[in-house]
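A.B. asks: So the sequence lines, in the order shown, correspond to chains A and B.
Mapping of the first sequence onto our numbering: residues 1 to 566, in sequence order.
Mapping of the second sequence onto our numbering: residues 567 to 633, in sequence order.
Don't read these hints as lab results, they were simulated from the structure.
Backbone N, C-alpha and C define an ideal beta-carbon position, used for all residues, glycine too.
You may find that some hints are simply not true.
As the list claims (entries may be wrong) - Examples of chain B residues toward chain A, derived with CB under 8 angstroms: (1) H605; (2) I609; (3) F612; (4) I613; (5) I616; (6) L617; (7) D624.
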Amino acid sequence: MNVQAWTYLIVAATFALYIGIAWWSRVRTTSGFYVAGRGVPAVANGMATGADWMSAASFISMAGLISFMGYTGTIYLMGWTGGYVLLALLLAPYLRKYGKFTTSEFVGDRYYSDAARLVAAGCTIFVSFTYIAGQMRGVGVVFSRFLEVEVHWGVIIGVVIVFFYAVLGGMRGITYTQVAQYCVLIVAFLIPAAAISWKITGNPIPQFGFGDTVQEGQQAGVFLLEALDALHRELRLPEYTAAFVPGKKSMIDVTAIALALMVGTAGLPHVLVRFYTVRSARAARWSALWALVFIGLLYTTAPAVAAFARVNLISTLHNTSYSEVPEWFRSWETTGLISFDDQDGDGVIDMSDGANELTVDQDIMVLANPEIAELPAWVVALVAAGGLAAALSTAAGLLLVIASAISHDIAKSILWKDMSSRKELLLARVTASVAVVVAAYFGISPPGFVAQVVAFAFGLAASSFFPVLVLGIFTRTTTKEGAIAGMSSGILFTGAYIVYFRLIRPEATADDWLFGISPEGIGAVGMLINFALALIVSRFTKPPPDKVQQLVSEIRLPRERGAESA
Amino acid sequence: MAILLSIWFVCSYVLGIFLVEPLNGAQLGGFPLGFWFAHQGSIYVFIVLILVYAATMDRLDRRYGVD
Numbered sequence: 001m002n003v004q005a006w007t008y009l010i011v012a013a014t015f016a017l018y019i020g021i022a023w024w025s026r027v028r029t030t031s032g033f034y035v036a037g038r039g040v041p042a043v044a045n046g047m048a049t050g051a052d053w054m055s056a057a058s059f060i061s062m063a064g065l066i067s068f069m070g071y072t073g074t075i076y077l078m079g080w081t082g083g084y085v086l087l088a089l090l091l092a093p094y095l096r097k098y099g100k101f102t103t104s105e106f107v108g109d110r111y112y113s114d115a116a117r118l119v120a121a122g123c124t125i126f127v128s129f130t131y132i133a134g135q136m137r138g139v140g141v142v143f144s145r146f147l148e149v150e151v152h153w154g155v156i157i158g159v160v161i162v163f164f165y166a167v168l169g170g171m172r173g174i175t176y177t178q179v180a181q182y183c184v185l186i187v188a189f190l191i192p193a194a195a196i197s198w199k200i201t202g203n204p205i206p207q208f209g210f211g212d213t214v215q216e217g218q219q220a221g222v223f224l225l226e227a228l229d230a231l232h233r234e235l236r237l238p239e240y241t242a243a244f245v246p247g248k249k250s251m252i253d254v255t256a257i258a259l260a261l262m263v264g265t266a267g268l269p270h271v272l273v274r275f276y277t278v279r280s281a282r283a284a285r286w287s288a289l290w291a292l293v294f295i296g297l298l299y300t301t302a303p304a305v306a307a308f309a310r311v312n313l314i315s316t317l318h319n320t321s322y323s324e325v326p327e328w329f330r331s332w333e334t335t336g337l338i339s340f341d342d343q344d345g346d347g348v349i350d351m352s353d354g355a356n357e358l359t360v361d362q363d364i365m366v367l368a369n370p371e372i373a374e375l376p377a378w379v380v381a382l383v384a385a386g387g388l389a390a391a392l393s394t395a396a397g398l399l400l401v402i403a404s405a406i407s408h409d410i411a412k413s414i415l416w417k418d419m420s421s422r423k424e425l426l427l428a429r430v431t432a433s434v435a436v437v438v439a440a441y442f443g444i445s446p447p448g449f450v451a452q453v454v455a456f457a458f459g460l461a462a463s464s465f466f467p468v469l470v471l472g473i474f475t476r477t478t479t480k481e482g483a484i485a486g487m488s489s490g491i492l493f494t495g496a497y498i499v500y501f502r503l504i505r506p507e508a509t510a511d512d513w514l515f516g517i518s519p520e521g522i523g524a525v526g527m528l529i530n531f532a533l534a535l536i537v538s539r540f541t542k543p544p545p546d547k548v549q550q551l552v553s554e555i556r557l558p559r560e561r562g563a564e565s566a
Numbered sequence: 567m568a569i570l571l572s573i574w575f576v577c578s579y580v581l582g583i584f585l586v587e588p589l590n591g592a593q594l595g596g597f598p599l600g601f602w603f604a605h606q607g608s609i610y611v612f613i614v615l616i617l618v619y620a621a622t623m624d625r626l627d628r629r630y631g632v633d
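Whole structure, please, built from the sequences with the hints as guidance.
C.D. replies: Okay, here's the thing in structure tokens:
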């Protein structure tokens with residue numbers, strides 16, 4: 001069987017599995033729809049969180065990005081895992097203990113203000129929509145590349161699947177399909193990685209393999225990373241493992257971006273809501289651990305894949321005559337993701353700095369990896385199914401967050417306070433359907449700025465949500481005015497800085513940036529402003545009512561709250 | 567918890583970012599040490615930190631008779 005037949009088979013099988021699970025776990029109550037009836041075991045929730053969190057970007061793009069950045073790629077590796085420590089220690093158990101359905105609801109209650117809740121719900125919707133558009137696009141691209149259907153048909157098929165299990169199954173349906181999707185995506189990531197590691201270093205565990213020695217060729221017996229640094233020197237590029245040298249990001253910028261991504265992760269609404277689905281605060285802590293274990297499996301493999309891919313790419317293509325390039329080069333050339341521009345007209349590919357003739361899209365690194373390593377067709381098909389699983393699981397989680405922000409935080413608590421649960425459930429399903437259609441539209445015709453905005457969503461989440469949640473849990477005296485001042489100044493500062501340097505002065509260099517921090521990392525500064533203002537304003541305004549101070553002491557005691565309303 | 571958060575800070579920022587250049591002088595198998603912390607070590611440490619925290623909180627819960 002060829003690659004395409006295998007891809008149809010595996011993708012159809014995984015889709016049938018997701019729909020079967022959704023049918024089995026369909027729900028009839030609001031509690032089931034928003035938080036899966038709070039009955040999800042910690043390990044299953046950890047897996048679901050992993051799939052929810054790891055999007056098309058983690059699966060398809062990250063290893064490729066690291067491959068081009070070398071050491072600096074640590075901003076993604078640390079930034080997107082370190083946040084779970086903050087989440088487990090500072091937020092998840094306490095939010096779970098407080099109960100209710102959404103994070104905005106906690107913000108509204110803790111800061112005794114519908115305005116605060118509305119601002120939080122608005123930030124949720126904004127952050128989630130920018131994210132979801134990227135996922136839908138990822139679905140469309142995988143479909144068009146491996147199944148040769150038009151991008152918009154790919155998006156529509158993806159939307160129908162997500163619609164089916166998110167609208168019908170709510171959080172319960174999503175949770176159990178995410179567990180299945182995690183399994184698909186991790187297998188699809190690990191098999192090619194192990195095969196390549198074994199091929200290059202003779203060690204099948206990629207995490208150890210990329211610290212091992214190269215087995216064949218001129219570099220045999222040399223440590224892989226040393227060989228890679230040598231290749232880079234040959235090309236007059238900064239060494240792969242070197243940090244902060246010219247041509248790479250500065251120390252302060254790396255620090256700021258890593259911090260913004262960590263704190264942003266801890267403040268992302270679709271991640272936070274996962275911790276509402278477990279039985280207790282204790283289960284929330286353990287499921288944060290499982291989540292990071294499952295995510296770490298992919299995140300410790302990715303840098304190895306990055307290094308192998310880099311070595312493979314340079315050693316197969318640099319100084320190779322264009323007429324002798326391998327088969328995979330030709331097939332990816334037609335997608336436009338890799339291209340050769342023969343500037344000196346000698347027909348040989350030159351990759352050295354200054355004379356580079358090869359353009360490679362970062363997404364190719366993971367998708368073409370199995371072909372570069374000459375693995376069998378079913379492995380290539382599995383990678384396509386893995387990419388789809390990563391994109392669909394994240395999209396579904398985001399849809400649900402959008403639906404609950406609209407139906408629960410805005411409609412039920414502010415517009416029509418006396419709405420019955422049945423009506424609320426119906427409204428949640430309707431909003432989820434509308435959101436799916438809007439997401440599909442963005443996926444088919446993405447506004448040019450979407451890709452950039454996704455990266456900035458972290459900065460915005462970091463500078464708005466995180467400080468308010470931490471202060472809300474750990475201080476009794478932060479006031480409504482303090483929180484609103486902090487949230488709005490944090491997000492305004494970060495937003496303005498991003499808009500200024502991306503849209504108004506995109507040509508600005510590191511010398512123009514505030515302390516040399518790039519727009520990607522400025523969320524870290526926004527977060528500090530948010531903390532500072534919230535604390536200062538709180539000192540000069542009327543302290544929160546006794547009831548709220550009581551509530552704060554209560555969520556920090558290790559005791560379950562009384563019967564919960566469902 | 568303050569201790570765990572300071573380990574979080576030390577392993578990710580101090581070892582992985584601030585001191586990466588001097589640490590790269592040392593080797594851990596085939597890895598420059600600072601690079602290893604940035605690309606691998608910090609993630610393992612994050613997992614251990616949450617494990618220790620979850621276990622400690624379980625012990626506290628039991629000591630105060632909550633289950």
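A.B. asks: Taking 8 angstroms as the limit, does the beta-carbon of B:I609 come near enough to a beta-carbon in chain A?
C.D. replies: holds (5 angstroms)
A.B. asks: Let me know if the C-beta of B:L617 comes in closer than 8 angstroms to any C-beta of chain A, holds or violated.
C.D. replies: Because about 6 angstroms separates B:L617 from the closest Cβ in chain A, which is inside the 8 angstroms limit, the hint holds.
A.B. asks: Does the nearest C-beta of chain A fall within a distance shorter than 8 angstroms of the C-beta of B:H605?
C.D. replies: holds (4 angstroms)
A.B. asks: Please verify that hint: B:F612, Cβ, nearest Cβ of chain A, below 8 angstroms or not.
C.D. replies: Since chain A brings a Cβ to about 5 angstroms from B:F612, closer than 8 angstroms, the hint holds.
A.B. asks: So, as I understand it, the hint says B:I613 touches chain A; can you test that by seeing if any CB pair is closer than 8 angstroms?
C.D. replies: holds (5 angstroms)
A.B. asks: B:I616 was flagged as interface toward chain A. Is the shortest Cβ-Cβ separation under 8 angstroms?
C.D. replies: Where the cut-off is 8 angstroms and the nearest Cβ of chain A is about 4 angstroms from B:I616, the hint holds.
A.B. asks: Can we keep the B:D624 interface hint, with Cβ of chain A closer than 8 angstroms?
C.D. replies: At about 7 angstroms, which falls below the 8 angstroms cut-off, the nearest Cβ of chain A leaves the hint on B:D624 intact, so it holds.
Checked against the numbered hints given earlier, the structure satisfies every one of them.
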